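Protein chains in written order, with our numbering: chain Y, 1 to 212; chain A, 1 to 212.
Okay, derived cross-link-like pairs now, BS3-like style, lysine-lysine, Cα gap no bigger than 27 Å in a straight line:
no.	chain 1	residue 1	chain 2	residue 2
1	Y	K122	Y	K101
2	Y	K10	Y	K172
3	Y	K101	Y	K111
4	Y	K10	A	K172
5	Y	K111	Y	K122
6	Y	K158	A	K27
7	Y	K101	A	K122
8	A	K10	Y	K172
9	Y	K111	A	K158
10	Y	K10	Y	K101
11	Y	K109	Y	K10
12	A	K111	Y	K158
13	Y	K101	A	K158
14	A	K101	A	K10
15	A	K109	Y	K158
16	A	K109	A	K172
17	A	K111	A	K101
18	A	K101	A	K27
19	Y	K122	A	K122
20	A	K158	Y	K109
21	Y	K27	A	K158
22	Y	K158	Y	K172
23	A	K172	A	K122
24	A	K101	Y	K122
25	A	K122	A	K158
26	Y	K10	A	K10
27	A	K27	A	K111
28	Y	K27	Y	K101
29	A	K101	Y	K101
30	A	K172	A	K111
31	A	K101	Y	K158
Calculated directly from the structure, the hints in this document are not laboratory data.
Quick caveat, the model's predicted, so the values are computed rather than measured.
Protein chains: 2
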Amino acid sequence: MSELQSLPEKTVERLSEYRRTLLRCQKQGITHIFSHVLAGIHGLTAVQVRRDLMLIGFSSDTKKGYDVSVLANFISDILDSEAPMNIGVIGMGHLGQAITKYFNGKGLKLKIVASFDVDNQKVGSVIDDIPCYSMEEFTDRVEELDINIVILSCPSSKAEQTVLPIVNAGIKGVLNFTSKPLNFPLGIVVENYDITTLLEKVAYFVKEQEES
Amino acid sequence: MSELQSLPEKTVERLSEYRRTLLRCQKQGITHIFSHVLAGIHGLTAVQVRRDLMLIGFSSDTKKGYDVSVLANFISDILDSEAPMNIGVIGMGHLGQAITKYFNGKGLKLKIVASFDVDNQKVGSVIDDIPCYSMEEFTDRVEELDINIVILSCPSSKAEQTVLPIVNAGIKGVLNFTSKPLNFPLGIVVENYDITTLLEKVAYFVKEQEES
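The whole structure should be built from the sequences, with the hints applied where relevant.
Right under this line is the structure:
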């Protein structure tokens, strides 16, 4: 893939979604799927689906549609790194636990291997099969467990305190669910996903629709 | 605002984020902010910020930068509907509770007024100040409480069962956190936000960065 440029963010998101649908199809014994069916499931046009697949160089459309397994594997080759990436969760409140529970046993290439918290009740325990460590051990555990990515699900008021430990530990990617936008040095991939923003966006388009 | 077209999704997201930063500034007694400072907080260029504000028709840049309160109010006029929008949460597991806790007391125009679950232990109780009702009461409660938007935080396997009740009850917007993409009839705004997608996206760009 080294000759290809990085894909647009939205394409990456859709590829991830297509793959999940393809894997679900596989489980149900569906071997082929037409682009317009795949599109329909995701509320997209068939043209959009075909364009996304063209971007990654996939072109084996048959009379029966796409071969589900072939396409799923093709997308995996694009999205996944060769080695599994290990993930740490910072903040094991409701959100941290929801995320951990959600990922457990999904058999993805992405694996939550540790969580971190400042609450003494949680530190040292195992929550949803994931050991919870103290934030003081963060750097050591990141190295020991080869953690590349962290999910930030701590209270927003604590978010800024995590930046330095994250940078120091050599973390490469951050998925930030707090309402505090965080800046990291170049070279660290950050996605800020604030739930308030998502909800305000839905509300805005609901309002627009009512007014039109 | 009726003369303006709907704003691009990404602009709406950023406006929501700017506003949150502006409100935080207000609390700290900061009265003015330069576009490049606002940009820096959000990891954007000043040009991007100015373009977003131009799109909504805001142009009162002073020598001291933007007036924080004036800009916050201006954005609110764009994003918010006149009446508060009431929200229901379907599924009060960890994710539902994380979301509810997160929103409580934030003083937004968006208000979580009810939650729904199928678990008899939860139904009839009050969780984080929000009453939890049975899914069987969904239509009645939506009408009674004037709920416009639902947050879907139930298990993905149950997501599809919620579509019909949501449509029947006249819900206008859905924020779907399950991993099942859902299709609703035209006229209902849907945002599918699957955490797996977000994480796979971060992982992809981490991989790209390592390879480049």
